[in-house]
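Undergrad: Sequence:
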Amino acid sequence: MLTVCRKDEVVEGTVIQIKKGDLDLAVYCVESIYYVTDNLCTHGAGYMNEGYLDGHIIECDFHGGAFDIRTGEVVSPPCMTPLKTYPVLDDVAEVKIKIS
Numbered sequence: 216m217l218t219v220c221r222k223d224e225v226v227e228g229t230v231i232q233i234k235k236g237d238l239d240l241a242v243y244c245v246e247s248i249y250y251v252t253d254n255l256c257t258h259g260a261g262y263m264n265e266g267y268l269d270g271h272i273i274e275c276d277f278h279g280g281a282f283d284i285r286t287g288e289v290v291s292p293p294c295m296t297p298l299k300t301y302p303v304l305d306d307v308a309e310v311k312i313k314i315s
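Reading the sequence shown from the start, the letters are residues 216 to 315 in the numbering used here.
Treat the hints with caution; some may be incorrect.
No more than 30 Å apart at the CA atoms, straight line, and that leaves these computed lysine-lysine pairs for DSSO-like [said to hold, decoys possible]:
{"no.": "1", "residue 1": "Lys311", "residue 2": "Lys299"}
{"no.": "2", "residue 1": "Lys222", "residue 2": "Lys235"}
{"no.": "3", "residue 1": "Lys222", "residue 2": "Lys299"}
{"no.": "4", "residue 1": "Lys313", "residue 2": "Lys299"}
{"no.": "5", "residue 1": "Lys235", "residue 2": "Lys313"}
{"no.": "6", "residue 1": "Lys311", "residue 2": "Lys222"}
None of these hints come from the bench; they were simulated from the model.
Model the full assembly from the supplied sequences, consistent with the hints where possible.
TA: Written out as structure tokens, the structure reads:
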């Protein structure tokens with residue numbers, strides 16, 4: 216288990232970047248639920264925290280590819296490889312993830 220950040224650091228409807236050791240993570244809050252993915256786009260040099268969040272879809276600002284933050288599934292090309300997601304553990308005040 217890894218504590219990523221405090222929940223109050225992530226405003227509803229936004230995405231932020233958190234670096235923990237070698238991990239570069241994107242943390243999202245949508246409808247009061249927290250999601251965590253890798254921050255680097257699987258297609259190129261874009262970062263999710265610089266992208267456009269619309270509901271559960273994050274669009275990379277580099278080439279316009281998009282992913283579902285709940286599953287990492289690609290929803291728009293040119294991306295073809297899913298975005299890595301991390302299970303978020305239930306906690307009152309902090310965003311914690313399970314790392315395998």
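Undergrad: Are the hints correct? Go through all of them and say.
TA: Hint-by-hint comparison with the structure:
1. Annotation: proposed proximity of lysine 311 to lysine 299 holds, straight-line Cα distance about 16 Å (limit 30 Å).
2. Between lysine 222 and lysine 235, the direct Cα distance comes to roughly 16 Å. Compliance with the 30 Å bound is thereby established for this hinted pair.
3. For the hint linking lysine 222 to lysine 299, the alpha-carbon distance of about 21 Å falls within 30 Å, and the restraint holds.
4. At most 30 Å may separate the alpha-carbon atoms for a hinted pair to count; lysine 313 and lysine 299 meet this at roughly 13 Å.
5. Of the pairs offered as hints, the one joining lysine 235 and lysine 313 holds, with about 13 Å between alpha carbons and a cut-off of 30 Å not exceeded.
6. Between the alpha carbons of lysine 311 and lysine 222 the distance comes to roughly 10 Å, so the proposed pair stays at or under 30 Å and holds.
Consistency with the previously given hints is maintained throughout, with no hint failing.
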